[in-house]
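Q: Let's have the full structure, built from the sequences with the hints guiding it.
Protein chains in written order, with this note's numbering: chain A, 1 to 349; chain B, 350 to 698; chain C, 699 to 1047; chain D, 1048 to 1396.
The hints are simulated quantities; they were obtained by calculation from the structure and are not laboratory data.
Be a bit skeptical, because a hint or two may be false.
Said to hold, decoys possible - Taking CB as the label site, the calculated pair distances span:
(1) His1214(D) / Ala378(B): 53 to 63 Å
(2) His1214(D) / Ala680(B): 43 to 53 Å
(3) Asp22(A) / Asp606(B): 26 to 36 Å
(4) Leu634(B) / Ala1216(D): 28 to 38 Å
(5) Ala278(A) / Pro998(C): 50 to 60 Å
(6) His469(B) / Thr226(A): 43 to 53 Å
(7) Ala169(A) / Ala1216(D): 33 to 43 Å
(8) Gly830(C) / Asp606(B): 30 to 40 Å
(9) Asp25(A) / Ser1271(D): 45 to 55 Å
(10) Arg309(A) / Asp787(C): 36 to 46 Å
(11) Ala1366(D) / Ser224(A): 45 to 55 Å
(12) Ala347(A) / Ser391(B): 28 to 38 Å
Said to hold, decoys possible - Partner residues aside, some chain C positions facing chain D, computed with beta carbon under 7 Å:
(13) Leu763
(14) Ala796
(15) Lys890
(16) Ala912
(17) Phe929
(18) Leu935
(19) Ser939
(20) Phe943
Keep in mind it's a predicted model, so treat the numbers as computed, not measured.
Using N, Cα and C, we set each Cβ at its ideal position, and we do this for glycine too.
There are 4 protein chains.
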Amino acid sequence: MLIDSTYPKSFASDNHAGVHPDILDAIAAANHGDAPAYGDDSWTATFEGKIKEVFGPGAEGFAVLNGAGANMVGLALMLGRYDAIVCADSAHIATHEAGAAERLLGVKLMTVPTEHGKLHPDDIRARVGGIGNPHESQPTVVSISQATELGTCYSPDEIAALAEAAHSAGLRLHMDGARLANAAAYFDCDLKTITTDAGVDVFSFGGTKNGALAAEAVVVSDPSLTDAVPFLRRQSLQLASKMRFISAQLSALLTDDLWRRNAAHANQMAARLADGIADIAGVSLAQPVQSNAVFATLPPAVAKTLLRRYLFHHWDESAGVVRWMTAFDTAPEHVDDFLDDLRKAAASA
Amino acid sequence: MLIDSTYPKSFASDNHAGVHPDILDAIAAANHGDAPAYGDDSWTATFEGKIKEVFGPGAEGFAVLNGAGANMVGLALMLGRYDAIVCADSAHIATHEAGAAERLLGVKLMTVPTEHGKLHPDDIRARVGGIGNPHESQPTVVSISQATELGTCYSPDEIAALAEAAHSAGLRLHMDGARLANAAAYFDCDLKTITTDAGVDVFSFGGTKNGALAAEAVVVSDPSLTDAVPFLRRQSLQLASKMRFISAQLSALLTDDLWRRNAAHANQMAARLADGIADIAGVSLAQPVQSNAVFATLPPAVAKTLLRRYLFHHWDESAGVVRWMTAFDTAPEHVDDFLDDLRKAAASA
Amino acid sequence: MLIDSTYPKSFASDNHAGVHPDILDAIAAANHGDAPAYGDDSWTATFEGKIKEVFGPGAEGFAVLNGAGANMVGLALMLGRYDAIVCADSAHIATHEAGAAERLLGVKLMTVPTEHGKLHPDDIRARVGGIGNPHESQPTVVSISQATELGTCYSPDEIAALAEAAHSAGLRLHMDGARLANAAAYFDCDLKTITTDAGVDVFSFGGTKNGALAAEAVVVSDPSLTDAVPFLRRQSLQLASKMRFISAQLSALLTDDLWRRNAAHANQMAARLADGIADIAGVSLAQPVQSNAVFATLPPAVAKTLLRRYLFHHWDESAGVVRWMTAFDTAPEHVDDFLDDLRKAAASA
Amino acid sequence: MLIDSTYPKSFASDNHAGVHPDILDAIAAANHGDAPAYGDDSWTATFEGKIKEVFGPGAEGFAVLNGAGANMVGLALMLGRYDAIVCADSAHIATHEAGAAERLLGVKLMTVPTEHGKLHPDDIRARVGGIGNPHESQPTVVSISQATELGTCYSPDEIAALAEAAHSAGLRLHMDGARLANAAAYFDCDLKTITTDAGVDVFSFGGTKNGALAAEAVVVSDPSLTDAVPFLRRQSLQLASKMRFISAQLSALLTDDLWRRNAAHANQMAARLADGIADIAGVSLAQPVQSNAVFATLPPAVAKTLLRRYLFHHWDESAGVVRWMTAFDTAPEHVDDFLDDLRKAAASA
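A: This is the structure in structure tokens:
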């Protein structure tokens, strides 16, 4: 379906947005002559350098094709044949990657019920009792999402506490950073403050939801893990032959803080939307709004009316919870028009 | 490494080339407003329609991110837990996909020594003796590459004979069509003449080596197999969220026969190169030249001299065989300059 | 550790018991001359016939080596590459098979919190919402344990209701019957009443916990699934070369209702133990006692005292719950001695 | 099929034989009271001690259920996600384990054509060229069979040379020792001379083909690999709950050199058979006879006549090669009767 010019802005996903013009320009600029395939090119070298600038000299970045791919490659680095991942039961790897963790990695997901999608250090400590018991999958990695699937963000201190709990129990800490930029924008901090500096061992840095065409990075903080990445990336079907076009997208995001500008704008639009519903009777926030997602509870009839005109998803239909996402290109007028329509629908419900 | 304007055209791989301008334009044109993610958009609908136009109304196309991904998704459709694939021992799935077939599919590759990279119907018949024996992996799929890894092409009749041999033994026929366009250009035939019409059950249609940025299609001829594709594509990390940009590339290739123009040109450049070496003493063709690859035997010292200036790969260093690839953007002067340098190197060796 | 004659009977597991004399005799009797390997022998034919007698003419039995193996072979018959199993969160396949389901089958376990370890038809209906969504693992099999890991049993009606709920949603029903005999003994019914007659598609019939040395059967009610068993059994490392000795154990269990006599006795010993604690202050049942397991809540100090003399396991140490198992060879005096010691420990706590 | 007293001794497989009386006695003797499950018993401690006695103090033994299981557990210790095993194309893991290596381990088998089923150090050196190339499976383990599938044996020097070639290229050496006893009997050497002393890192010690009911050992020479065994054994469905009965079989074999007596006898019977055919026209040895297998070439009509009365297998029907196996309980008269019938069949062909 083409959402043409008469169709309002989608609130269904940051994936419904297109490509930021600077990133499209970067792709076009990379289309210059020949370049070695599979990453042995100068655009990829530039990207790798920018990763070190942003995440610290000990970090190594590897460009991949999508978010699930970034998760599978990153997690595979740390998991053996009889291992388990401790994660929130709402984690993307647990719910929306079609069982890739189980089939491609062959490991168990120890899913944890959470408030607002966030793991707590006690959740880790409660799941390590079976370590050493050959009848049980061995928890080896803790995986968190930043921002979470419920739009909340882990603070630097919260991440450091999780890293401490994981490491002291012999586990590593992984972060699904599909919306890492939104979290850094929320805390107005550097990317490394909530990743390498906080003790995350392996994480992804998402580009696609933040204005790229298709580009994510796997970032590895622990040098003992990097040798395996090229093999796992190739085997996991995440190696682009014309790599320069993936690297160029990521470099564009990492140039002049485009990542932050895009994410901060999307966050502001979500905040504007959240603010706007405060005075609408029958509509309330279902989760704290800390990134570019607004989870709201509203009457079924109101949701139904809105869905005639707007694209968005039910999150928990029985509880009347919907999810509204904003993107780098959501305009204030998009939000205001949406709020107008929401007010009307709520009034007539 | 940037191969800058002072560096000659690469003969190492068709992946060293950039993106054809029409395809880059198609990507830019798709960057218009919002669109549903994961393929529920109008560009993808257009692509799906073009697949039916080109391969017949019974064919269904699914866009994926790279060639190994297209192979794994396509093969997974036809393979169970204790199955085997019969393929040439030079097959890309057997040699250069980092063991993805074994790990992601969990199946055995029954590799066949071949002349010029091509399977023969007798190769199939010779490998079905273990069918029904629970101690042996069960051959279920025959996989061929078109063009082969050695640059040769299966004729329509050869494919039909392989399909007949496979089907009559209860196996299905898969084609790795990373360079399918080059084969159709070589035979000056329709794409469907060497795929659906010839009895191929599942195949890939490669875009990336023929001028795309990163886009391949899995095409399924057998309607009983299509339902599983969306699940396997997602799980195999081959689903793009902003799918329109992948679909748009494939549609551009399938518009006004861009695929054929690109491939035919690359083939002609390979033929020009092959013709040019005919009179160079000490240099000879190691394989028939039927697509955009030239395999040549030459003295080690000559190869060494050329490699100081040009990018290309040794294929079998002990036998003195090298591979030279041409691309959609290889110019006649590139070939002629290369031949001049080759002549000089051969003369002084 | 040899639990020698001065050591009291173990209450830790029915696996601590040895082999029933009739079964050891059957093994010795099978040691007569040569026999074809891998199941092509007369003892295996006898076993296969007995399976049909007991479970109905449509059932096919396949002997395997252990309970986890029986589960993995049976489940593999019904699961594709992106599927999920709905099961209790206490299920053996979820907790104590070292992640075999995830690694060997590559599927997701959709675990359900339960009361007394038993799934309810509503649990199935609540987990099929994602069917058709390519981002989610597809629930394909419901797996229940009979008796459950908490010692409770599904009645024939309960199983039929689960089968109806599963089948009407397009799922199949699997039963981990490691203690199927104990459940049939509890209901004083035929084995087929709680398996094939109730709509179970594939199940295991456990021998090892009921007096065998090492022998379990995979029983398949759905004829469309049987062809795959020999391949999956071989590949899953569950095929004995000298199969006659496995088949002979199962035939012995199925002769003159030895399975029922052993299981009923073990159940009676558990009931005797449960009855005995009724009047001990501070000790109470944590689960209904319906098979050969007694889950009891007791003060930590009492458990500690008892563990100095007896083998048994903490089940939930923080809740003060322990598990006591009886076996075919637990004698009334074993139970009475244990109760005496328990009474003394409770009195002095 | 019961091969009753009127049926002659089988020459089809050493698996057609029953259980040696001493081993059956050991099983019966272990059926004494209770014992902890899963290997925490005194019989298993005895077995573990005997492994150290026989293979050296650095060796650790783990009892498993069958030969394919021993191979998969042992190999899994040394293999990561993108690795390959170098082995003979006749290797049992490559041909007769139903693709378990590919599915359970997820690795590539780099199969090598051989003379007499034996790898040569040059075969290793020829297959390590792709090490470090992320497009290729990484050879990590060399696996040899002792005795080979063609009945030949590696001498201590040959094994040491393979270990040296493997180790110097960064690979480990695995041995499928399903018939390790036969090889040690052939060379009249200690078991450790052809395993730990020769540099084998992980190997199996087969019991089942040498008179056990169902018992094999995985033996690990490299202490850095042992921690993973209990987890992999459990997950690979190779852990017996009533372990004492498996351990007791292996201990019986390792007591008073029963393993050697059984194997040496079987070897002698094969030698007697090989000697006997020397003067039969039209019948010749197809492989050197070094263990308990005789591979012979004979006219199809002769094979057909013999197969009316005897059980044995065609090995390569088109080449007229059959395989005759002897066992611990093959008597000289069995061989002589067989030779008589062979002579008659050959004479009348």
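Q: Work down the list of hints and note, for each, if the structure agrees.
A: Against the structure, the hints come out as follows:
The hinted range of 53 to 63 Å is satisfied by histidine 1214(D) and alanine 378(B), whose Cβ atoms lie roughly 58 Å apart. In this structure, histidine 1214(D) and alanine 680(B) meet the distance hint of 43 to 53 Å, their C-beta atoms being roughly 51 Å apart. Separation of aspartate 22(A) from aspartate 606(B) is about 34 Å and conforms to the stated range, judged on CB atoms against 26 to 36 Å. With their beta carbons about 34 Å apart, leucine 634(B) and alanine 1216(D) fall inside the hinted range of 28 to 38 Å.
With their beta carbons about 51 Å apart, alanine 278(A) and proline 998(C) fall inside the hinted range of 50 to 60 Å. Histidine 469(B) and threonine 226(A) have their C-beta atoms about 44 Å apart, which keeps the hinted 43 to 53 Å range intact. Taking the beta carbon of each, alanine 169(A) and alanine 1216(D) are about 37 Å apart, inside 33 to 43 Å as hinted. In this structure, glycine 830(C) and aspartate 606(B) meet the distance hint of 30 to 40 Å, their C-beta atoms being roughly 37 Å apart.
The supplied range of 45 to 55 Å is met by aspartate 25(A) and serine 1271(D), whose beta-carbon atoms lie about 52 Å from each other. Look at arginine 309(A) against aspartate 787(C): about 42 Å separates their beta carbons, and that is inside 36 to 46 Å. Between alanine 1366(D) and serine 224(A) the beta carbon distance is about 52 Å. The supplied range of 45 to 55 Å therefore holds. For the pair alanine 347(A) and serine 391(B), the supplied restraint of 28 to 38 Å holds, since their beta-carbon distance comes to about 34 Å.
A cut of 7 Å between beta carbons decides the hint on leucine 763(C): the least distance to chain D is about 5 Å, and the hint holds. For the restraint placing alanine 796(C) at the interface with chain D, the shortest Cβ-Cβ distance is roughly 4 Å, inside the 7 Å limit, so the hint holds. For lysine 890(C), the suggested interface contact is broken, since its CB lies about 26 Å from the closest CB of chain D, more than 7 Å. This hint holds: alanine 912(C) has a C-beta 5 Å from the nearest C-beta of chain D, less than the 7 Å allowed.
The closest approach between the C-beta of phenylalanine 929(C) and any C-beta of chain D is roughly 6 Å, which is under the 7 Å cut-off, so the hint is satisfied. Residue-level restraint check for leucine 935(C) holds (minimum Cβ-Cβ distance to chain D is 4 Å; threshold 7 Å). This hint holds: serine 939(C) has a C-beta 4 Å from the nearest C-beta of chain D, less than the 7 Å allowed. With its C-beta approaching chain D no nearer than about 5 Å, phenylalanine 943(C) sits inside the 7 Å limit, and its interface hint holds.
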